[in-house]
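K.L.:
Listed here are the chains, written in short residue letters.
Number of protein chains: 2
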Amino acid sequence: MTVTDEYLDNNRVYAAQFSGPLPLPPSRHVAVVACMDARLDVYRILGLRDGEAHVIRNAGGVITDDEIRSLAISQRLLGTTEIILIHHTDCGMLTFTDDDFKRGIQDELGVKPSWSAEAFPDLHEDVEQSLARIEKSPFVTKTTSLRGFIFDVATGKLEEVAA
Amino acid sequence: MTVTDEYLDNNRVYAAQFSGPLPLPPSRHVAVVACMDARLDVYRILGLRDGEAHVIRNAGGVITDDEIRSLAISQRLLGTTEIILIHHTDCGMLTFTDDDFKRGIQDELGVKPSWSAEAFPDLHEDVEQSLARIEKSPFVTKTTSLRGFIFDVATGKLEEVAA
Numbered sequence: 001m002t003v004t005d006e007y008l009d010n011n012r013v014y015a016a017q018f019s020g021p022l023p024l025p026p027s028r029h030v031a032v033v034a035c036m037d038a039r040l041d042v043y044r045i046l047g048l049r050d051g052e053a054h055v056i057r058n059a060g061g062v063i064t065d066d067e068i069r070s071l072a073i074s075q076r077l078l079g080t081t082e083i084i085l086i087h088h089t090d091c092g093m094l095t096f097t098d099d100d101f102k103r104g105i106q107d108e109l110g111v112k113p114s115w116s117a118e119a120f121p122d123l124h125e126d127v128e129q130s131l132a133r134i135e136k137s138p139f140v141t142k143t144t145s146l147r148g149f150i151f152d153v154a155t156g157k158l159e160e161v162a163a
Numbered sequence: 001m002t003v004t005d006e007y008l009d010n011n012r013v014y015a016a017q018f019s020g021p022l023p024l025p026p027s028r029h030v031a032v033v034a035c036m037d038a039r040l041d042v043y044r045i046l047g048l049r050d051g052e053a054h055v056i057r058n059a060g061g062v063i064t065d066d067e068i069r070s071l072a073i074s075q076r077l078l079g080t081t082e083i084i085l086i087h088h089t090d091c092g093m094l095t096f097t098d099d100d101f102k103r104g105i106q107d108e109l110g111v112k113p114s115w116s117a118e119a120f121p122d123l124h125e126d127v128e129q130s131l132a133r134i135e136k137s138p139f140v141t142k143t144t145s146l147r148g149f150i151f152d153v154a155t156g157k158l159e160e161v162a163a
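Chain order of the listed sequences is A and B.
Counting from 1, one number per residue, gives the positions in the first sequence under my numbering.
Counting from 1, one number per residue, gives the positions in the second sequence under my numbering.
You may find that some hints are simply not true.
[To be verified] Derived CB-CB ranges, DEER-like:
#1 B:79 to A:79: 32 to 40 Å
#2 A:104 to B:145: 22 to 30 Å
#3 A:98 to B:24: 13 to 21 Å
#4 A:125 to B:98: 29 to 37 Å
#5 A:99 to B:104: 37 to 45 Å
#6 A:21 to B:10: 19 to 27 Å
#7 A:132 to B:98: 21 to 29 Å
#8 B:6 to A:99: 19 to 27 Å
#9 A:125 to B:115: 21 to 29 Å
#10 A:125 to B:95: 18 to 26 Å
No lab work stands behind these hints: they were computed from the structure.
Glycine included, C-beta positions come from ideal geometry on N, C-alpha and C.
Pulled out of the complex, with its shape left as it was, chain A reads as follows (with noise of 0.2 Å):
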């Protein structure tokens, strides 16, 4: 048995309660891109209700040309307006560098990757470059709000960075 099939068990209890379907687009208007990190349940949080808000993660909570793809999709097609960066503290991108993951690749498998591992070693300038990346992008037009952030993985807390 799996952890998969252990979640696919949970799953049955979560539908057993379930009240849906809710509308697709997002009624409160706003999208969170977070990093993929486990102890960031993004929805507890921010206090997230089901349907309110796209939530985007990557390693990291960097902002990439897919960032930048799902933001394009998530204010022209679905109407968001507001957008939270959430990175943290103790956070993996902080361990390594780009150099030395590629390498370790292409030592072990021989291929190098051609993309960016977008390791950081500040965490204050990498959640400015990535609100930067935002604000640059030509495809991410509609923002009436944008704010980054530092979870505190000690105490839950979210700290503003000022961009």
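Assemble the complex: chain A is given as a structure, and chain B must be docked to it using the hints.
P.N.:
For chain B alone, kept in the frame of chain A given last:
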């Protein structure tokens, strides 16, 4: 007052009853890739508890270079081995085409994205396509379980898609 401000108020309530910190590596060695849809509270749908699994999300739950980047970091640096992929019924990605979306951007903003929008006409086929992109990636090599599902936004149930 923005919705973001409301969510920050919610975070104060969350932090007041928070007990942390947990370790960085996901304790159940699972990575989930899911659509950003506002109705997919992934932690509740699968019964994930804090610290158990990475959660990667984007428009459609599709696999692009950025999801491969996140999965490679998840497996190689943080020890995950199982992957759960989740698309869902009533997805926005079924409602447009890449060509129309990019033409709309070009006509309005004067710049055509160099990236694909990743719209898809068939849900089952796109789950299979996303699974195939993971299977064929030279960088995601530690997988012991890879399974794809469609979440039904009307019932809360996960339906497995045979790869």
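K.L.:
Each hint should be assessed against the structure and marked as holding or not.
P.N.:
Verification of the hints:
no.	hint	verdict
1	B:79 to A:79: 32 to 40 Å	holds (39 Å)
2	A:104 to B:145: 22 to 30 Å	holds (24 Å)
3	A:98 to B:24: 13 to 21 Å	holds (19 Å)
4	A:125 to B:98: 29 to 37 Å	holds (34 Å)
5	A:99 to B:104: 37 to 45 Å	holds (39 Å)
6	A:21 to B:10: 19 to 27 Å	holds (24 Å)
7	A:132 to B:98: 21 to 29 Å	holds (27 Å)
8	B:6 to A:99: 19 to 27 Å	violated (42 Å)
9	A:125 to B:115: 21 to 29 Å	holds (25 Å)
10	A:125 to B:95: 18 to 26 Å	violated (38 Å)
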